[in-house]
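Student: Residue numbers (our numbering), protein chains in the order written: chain S, 1 to 151; chain F, 1 to 200.
Certain hints may be false.
Some chain F residues well away from chain S (every beta-carbon gap over 12 Å; in silico) [what the hints assert, rightly or not]:
| no. | residue |
| --- | --- |
| 1 | L174 |
| 2 | P185 |
| 3 | A186 |
| 4 | G193 |
List time: in silico PhoX-like cross-link candidates among lysine-lysine, alpha-carbon distance up to 20 Å [stated by the list, open to error]:
| no. | chain 1 | residue 1 | chain 2 | residue 2 |
| --- | --- | --- | --- | --- |
| 5 | F | K103 | F | K93 |
| 6 | F | K144 | F | K165 |
| 7 | S | K85 | F | K161 |
| 8 | S | K87 | F | K161 |
| 9 | S | K85 | F | K165 |
To be clear, the hints were calculated from the coordinates, so they are not data collected in a lab. Heads up, the beta-carbon is just placed ideally off N, CA and C, and yes, glycines get one too.
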Amino acid sequence: MKHRNRVDMAWPGMRRAVFRGAYLLLVPILLAVVVLGSSPARAEYADIVINNYSDAAGMRPAIFPHWFHRIRFRCKVCHADLGFKFKAGGNQIDMLKIIDGEFCGACHNGEIAWTVDNCDFCHSGKPGTPTQVHGSTVQKLAKPPQPPAAK
Amino acid sequence: MMATATIRSGGPQRREGRLPLLLLMWLVGGLLSMVHFVDAYAADVFANDGLHDPQGPAFMELQRPAEALAVLPADTAGNKVLWVKALRDGLIKPRTNIMPETKIQILDMDIIFSNTGDNDFVRFPHRAHTEWLDCANCHEEIFKTKFGATPIKMSAILEGKFCGKCHGAVAFPLSECARCHSVKPASFRGQFGVQPVEKK
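Here chain F stands alone, though its shape is the one from the complex (with noise of 0.2 Å):
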């Protein structure tokens, strides 16, 4: 590409067109830097989130989220961040567990809740919820492991309950219905509750 582009303009005519376009791009680039410089000042998110104390001294040795967050696959929710997907696909590895005797149990199986009133289905996946959690963390305390056997309310999990106690609070909030409410009732076929597991 350098080859034809050296060809086309011809030699020193070329560099003397170069150097308003450099003048311009520096000065540009100036500018931009400066922009986002005074913006990313006036906008650092713990001096504004009501929540740091800017006179505390450690206030500027906290690390703020955009630096370690931006490499994670984006979202448009929560922390902004997939973050099933950024497990996934190996950018973080984070530890499962401190207790050596800890069993790490990755359970493949999907549940499909039908009693969603006139919204769609519920597909819960147990595979994302297992590759973050310990079954003893739901199961029996919170959801009885019997398909059924806990009533669940959307009204309840608005308020902080079943699902609600990390959807809406640390996992994906409660604004996303469609991600949980994610069967067409007019186009599922088969069985509510437990699914068969797909073979991969």
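One chain only, chain S, in its complex shape (with noise of 0.2 Å):
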């Protein structure tokens, strides 16, 4: 009767375990749900599409992240002190603007933020996509989604 013997004495303890175990079970699943459950796609609202030159000068179009920016700036240091105006595709801004320390050259210069050599982490963009703010209402509400071939 050893081994029934081993499993009287093995019980009262799992039961208490396992009940413990349930709760710290409950932390990763939680967890889980609060990661997965915040559906990320929402997070890119307002990511800026900016494909005035890209696509004809055979780079990927610039993708602008508001989410990523605003951490680190209120919107007047861009929209105020750098003139952006509130339009996607708006403010006309080219390389060379940029490489003379207009609009994201004012940080994207090697002193507030990494310097423009940096090509692939701003012109990120599928080829084709239209200029846009992502996720937008007028985006949503006043015109269907343009194929990427509209341009």
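Quick one: dock chain against chain with the hints and give me the complex.
Tutor: Printed below as a string of structure tokens:
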């Protein structure tokens, strides 16, 4: 009866442990729900695609992530001090201006942020993606999503 | 707590009971992390957003939003971040200016708009806006400083004008009606327009 004895001895501890284990399991489950449940696509709300000249120049369109920048800068830094208009693609930004220290170049100069020779950090969009505010109400309500080949 | 548990379970027996539990937890933990890993890989936001090119040379180097935003207070819409709260709680410390001569002006003054049709009145808080923006971002081009001088229409806002320049584009989206239309006409006492500043 050695075997049975062993089970009897194991069970009371087991039961408590299982309860305790259940609580411990809650932690990773809750974490998983929080991490996976928060639809990450919405985090890219307000990403700006700028494709004024990129396609024609054989570059990927530039993607400006608002979420990344507003952790570091208030809106006014770019939209007042640097003169960015509230309009996707409305600033006629080109690389010459950026290298001259205008627009993105005011920070992306190796002093405040990385330099412009990291082309692919910005020019990371799918070729043919039209200029847009990603996930904007206007994009969703007013215009049907444009096929990439429309341009 | 540890001491009580030891007395109750009585030494060596407890250790025997622990082994299957540890095995179980190891298995479940392993499974969970595998599921998470596979899921995270399959659901790489940048691979499926229709914007980023997975063939781009820097594709893997770009920071994913979840990594930066997960620590900030959660919202239900837009970026899913309560940006105003994150700023006020000091969780983010965004720079205020790049030009040294830029004036930092925070204005703590609410405005109540009553011409809202059947909908609730709108309370516009200057404070939350001036914590992020410069006066010149809105005045005088988008909004006249004088209350009532700008004919704001919801239809225009939905087209991306007035408030819609930011709300629905980068600030919380236009699906969040009650965040602006937050004042019940029936319970509102006082004057419309500029509200007296509350002493804190």
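Student: None of the hints should be skipped; say for each whether it holds.
Tutor: Structure-based check of each hint:
no.: 1; hint: L174; verdict: violated (5 Å)
no.: 2; hint: P185; verdict: holds (25 Å)
no.: 3; hint: A186; verdict: holds (29 Å)
no.: 4; hint: G193; verdict: holds (25 Å)
no.: 5; hint: K103(F) <-> K93(F); verdict: holds (18 Å)
no.: 6; hint: K144(F) <-> K165(F); verdict: holds (15 Å)
no.: 7; hint: K85(S) <-> K161(F); verdict: holds (13 Å)
no.: 8; hint: K87(S) <-> K161(F); verdict: holds (11 Å)
no.: 9; hint: K85(S) <-> K165(F); verdict: holds (10 Å)
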